[in-house]
Each structure stands twice: as structure tokens, then as C-alpha cells.
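Chemist: Chain G is already provided as a structure; the job is to place chain D with the ligands on it using the hints.
Chains as they are written, first to last, in UniProt numbering: chain G, 1 to 90; chain D, 1 to 271.
Treat each hint with caution, since some may be false.
Using 27 Å as the maximum straight-line C-alpha spacing, the simulated DSSO-like pairs for lysine-lysine come out as follows [said to hold, decoys possible]:
no.	chain 1	residue 1	chain 2	residue 2
1	D	K167	G	K40
2	D	K167	D	K78
3	G	K40	G	K59
4	D	K69	D	K171
5	D	K168	G	K40
6	D	K32	D	K94
If you want the ones that stay clear, here's a sample from chain D, every Cβ over 12 Å from chain G, calculated [stated by the list, open to error]:
no.	residue
7	G13
8	V56
9	G66
10	A96
11	R150
12	H175
13	R188
14	E195
15	L201
16	E214
17	L250
Restraint-style ranges between C-beta atoms, simulated for each label pair [as the list claims (entries may be wrong)]:
no.	chain 1	residue 1	chain 2	residue 2	range
18	G	Q22	D	R126	42 to 48 Å
19	G	Q42	D	D160	25 to 31 Å
20	G	L41	D	E248	44 to 50 Å
Everything labelled a hint here was simulated from the structure, so no lab data went into it.
No residue lacks a Cβ here, since even glycine has one placed at the ideal position from N, Cα and C.
Chain by chain, the residues:
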Amino acid sequence: MSFLTSLFGRKSSAPVARDRLQILLAHERAGEGQSELIAKLQEEILEVIKRHITVDQDKVQIKMDRGAGVSMLEIDIEVPESAKPAAKAG
Amino acid sequence: MAKVLVVTSGKGGVGKTTSTAALGAALAQTGKNVVVVDFDVGLRNLDLVMGAERRVVFDLINVVQGDAKLAQALIRDKRVETLSILPASQTRDKDALTPEGVARVIEELREKFDWVICDSPAGIERGAQLAMYHADQAVVVTNPEVSSVRDSDRIIGMLDSTTERAKKGEKIDKHLLLTRYDPARAARGEMLRTEDVLEILSIPLLGIIPESEEVLRASNLGMPVTLSNPTSAPARAYFEAVRRLEGETLDVSVPTERKGLFDWLFKRSVA
Ligand SMILES: Nc1ncnc2c1ncn2[C@@H]1O[C@H](COP(=O)(O)OP(=O)(O)O)[C@@H](O)[C@H]1O
Ligand SMILES: [Mg+2]
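Looking at chain G on its own, in the form it has when it is part of the complex (with noise of 0.2 Å):
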């Protein structure tokens, strides 16, 4: 088809629609799962941390960033100046 596009003079739009779907729709549909994905994470990393740690959980913050080629999963704890070990069960 090219010859016709160069014919109409015009590039033609439906490949970048094309392109922006893609990208789109593969956040979509990894965004149905990602929620319960995260929320799973949050907790057992809190967990992980409470035990050597005492932290608030609002102080653990986890994204996701989704992109084409790669995804990144960012962890953010605020460890407050205070932070002694937890006391060892036992």
C-alpha cells in the first residue's frame, strides 16, 4: 500500500494508532492482576522488614511502572532516625 499513501500525498495515521493501542492495551490488561500483585508485595515485604525493624506501614511505599521493553518495581522505605532492631522474640 505504500505507493498509495505517497500517492495521497499523505503518511497515513493507522499505523500510529496501531502502535499506540498496543502500548495501551498491554497496560490495561496487566493492570487487572497488577493491583492484587502489589498489594500481595506490600504486605509481605512490611513483614519482612518488621522483623528486624520497627516501621510504620505507610512508610513502605511500592509502584510498578510498566513500559515497553521493561518494568520497574519500586520499593521506598522510610526507615525513621530512631530505627533500633525489634526486640528478638524469645
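Modeler: The following block gives chain D with the ligands in isolation, referenced to the frame of chain G:
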């Protein structure tokens, strides 16, 4: 065994009601016992497109609520005797459709017909979910345009998760019906290509219905296009689609009104 088919899309105005009427009529024209059910409560267009608007006495909600018997609400088509319509009500509250009531009506329709075709309302809310809930198969109506494809993707996700079959861990057969397709605009790269839509949505192609004034003429006359002009391009595409629904394997072509350079080029470019 009866088959329940939902015609759905997410987006409005893409051709669900037109396709419900045409597919239903085409199946009935081949001798199958067919009922088309209007789930678009509040808008009620299927009766109009089928030319049955003056014969509506009772509707789906009356039957769901037990105010009328199914037989009282079914309207037999005057042109094709194996075709019936169960209309939707125009005025009533959308919440009047209860899941239990719908289940009972669908069960009853399954006993009477070979095909039960449900015309879904637009959207992804309750009405659309009720229309798809009992489906064994789905026709996802899509226009080659970004917002329609995106909505179809969400609907496909719902078909795989919120239907009765999905909940039982069973598959629901999904088919893509590309409608309002303009071959000339596609050739100029102004519309998403069929291959791209198929790759993105990855469900099998049931047919490509060209944009055609025959569809408008058919709805003016109150006839499904397969009855008003059986040899027109959209009618031929619907007849082909129905053969695929019945399990035949056919190459998908885009029937065109006139033969020209574009048609020739186009035919070669479609998978
Ligand atoms: N293939 C087609 N060619 C031309 N017009 C069409 C075609 N399919 C649908 N239409 C028109 O588009 C409008 C919306 O169609 P409709 O079937 O009511 O969509 P929906 O039920 O999805 O809202 C109607 O005016 C209809 O006549
Ligand atoms: Mg409609």
C-alpha cells in the same frame, strides 16, 4: 442443542443492533429457529430495525417480572417464519432486569429455539453484563478505530471473567465482527488495518461488514439487510458470517458494491 450468542462491543453505535438483526435473520433464512432478544432496556431499537415496533405488546421485562408469559411477548417475524423477536421495554427502570429472571427467560428460550441472540446495550455495566452472562458464544462488534478496539478489548476480558461459563471454568467462543469497514479509507491508511485489529484483539475473525448505504436503507424499511437486499455487500458478508458461526471454514473477503482498483488491491491485502 440451543446456542446462546451475545452481540456485544462496549462502545455504542458500532453496529450491534444492526448485526443482531442481520445475523438473526440470516440464520433464520437458512431454516434455523432463531429468537433475537433486545437487552437494551430504555433504548429499545431492535424492534424498530426489524420492523416489529407496532406489534410490541409485552416485553422482556414483563416476562422477567412474571407479568406476561414468554409466548405473549414473542413476536413472530412476518417475512421469515422461523424468526422471532423478544423486545425490550422503552420506559422502565433498568434495574427491573434481575439476574434470576433473566436466567429463567434464557432457559425457556433455549428449549424453544436453536439460536438465542442477545443484543447487548453499550457500556460495561450491569446491562451489558446481564446480556452476556448466559452466552455460549460472543460476537464482538468492532469498528476499525482506536476507541472501539480498546472497548472491545475490555469486553473480551469481561467475557473471559464475568460470564457464567467463565465462572464454571469453561470457554466462551468469541468472534470478531469488523463493521462499518471502508475499503477505500483502509487502503489510504486512514483506518486501522484488519490484520492489526486481529493481532491486537487476537480472537478469530467472523467477517468484515463494509460501510454501506444499504444498511441505512434496510433500517428505514424496518428490515434486516439480509432480507431487504440479500445480494448487497453487507448482506453477503452477514450470510458468510453466519456460515462461519455454524462451523464452516471460509476465507474472509470484503464484498464490495462495485469492482474497482481498490477492491482488487484490497482483496489481496486481507488475510
Ligand atoms: N455497515 C454499516 N454501514 C453503514 N451504516 C451502518 C453500518 N452498520 C451500522 N450502521 C449505522 O450505524 C448506526 C449505529 O448502528 P447500531 O446497529 O444501532 O449500533 P449499536 O447497536 O452498536 O449502537 C445506525 O445508524 C446504523 O444504521
Ligand atoms: Mg443497539
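Chemist: With reference to the structure, classify each hint as holding or not holding.
Modeler: Here's how the hints hold up against the structure:
1. D/K167 x G/K40: With Cα atoms ~24 Å apart, D/K167 and G/K40 stay inside 27 Å; holds.
2. D/K167 x D/K78: Measuring from Cα to Cα gives roughly 39 Å; hence the hint is violated.
3. G/K40 x G/K59: This hinted pair holds, its Cα atoms lying about 16 Å apart.
4. D/K69 x D/K171: Violated: D/K69 and D/K171 sit about 32 Å apart, past 27 Å.
5. D/K168 x G/K40: holds, 26 Å
6. D/K32 x D/K94: violated, 31 Å
7. G13: holds, 18 Å
8. V56: holds, 39 Å
9. G66: Label holds. Min Cβ-Cβ 37 Å, cutoff 12 Å.
10. A96: Fine: 31 Å to the nearest Cβ keeps D/A96 off the interface.
11. R150: D/R150 not clear of chain G: closest Cβ-Cβ about 7 Å, inside 12 Å.
12. H175: The claim holds: D/H175 sits with its nearest Cβ about 19 Å from chain G, beyond 12 Å.
13. R188: violated, 5 Å
14. E195: violated, 9 Å
15. L201: violated, 9 Å
16. E214: holds, 25 Å
17. L250: At roughly 25 Å from the nearest Cβ of chain G, D/L250 sits farther out than 12 Å, so the non-interface label holds.
18. G/Q22 x D/R126: 42 to 48 Å: With Cβ atoms ~30 Å apart, the hint is violated.
19. G/Q42 x D/D160: 25 to 31 Å: Holds, since G/Q42 and D/D160 (Cβ atoms, about 27 Å apart) stay within the stated range.
20. G/L41 x D/E248: 44 to 50 Å: holds, 49 Å
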